[in-house]
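Turn these sequences into a full structure, and let the hints guide you.
No gaps in the numbering here: position 24 of the sequence shown is 24 in our numbering, and each next residue is one more.
Hints may be right or wrong, so weigh each one.
Claimed, not checked - Ranges between beta-carbon positions, derived for each pair:
(1) Asn20 x Glu72: 20 to 30 Å
(2) Ser34 x Glu72: 15 to 25 Å
(3) Met1 x Ile44: 14 to 24 Å
Keep in mind that the hints were calculated from the coordinates and are not lab data.
Note that the structure is a prediction, hence the values are computed from the model and not measured.
For glycine and all other residues, C-beta sits at the position ideal for the given N, C-alpha and C.
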Amino acid sequence: MNEFIMIKPVITLTQFLKANDYISSGGEAKYFLSEYVVKINNIIEDRRGKKLYPGDIVIIVEDEYKLVYDQED
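Here you go:
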């Protein structure tokens, strides 16, 4: 399992997909989610704006990520 370090406490699924190079622009998110199975905490998700929080587990095809929030003081 990979760790994804968040710099904000909440991000959207689209932001996550862009940060991990699954898509190159936000406009591609809808198509990507219609073509690939994306699971968040083991639930299939197709909403681009779905909010992701620290501790969430995101599975895309065979890649698995645990979201971790890096709180810099």
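Verification of the hints:
no.: 1; hint: Asn20 x Glu72: 20 to 30 Å; verdict: holds, 21 Å
no.: 2; hint: Ser34 x Glu72: 15 to 25 Å; verdict: violated, 36 Å
no.: 3; hint: Met1 x Ile44: 14 to 24 Å; verdict: holds, 19 Å
Of the numbered hints given earlier, the model fails hint 2 alone.
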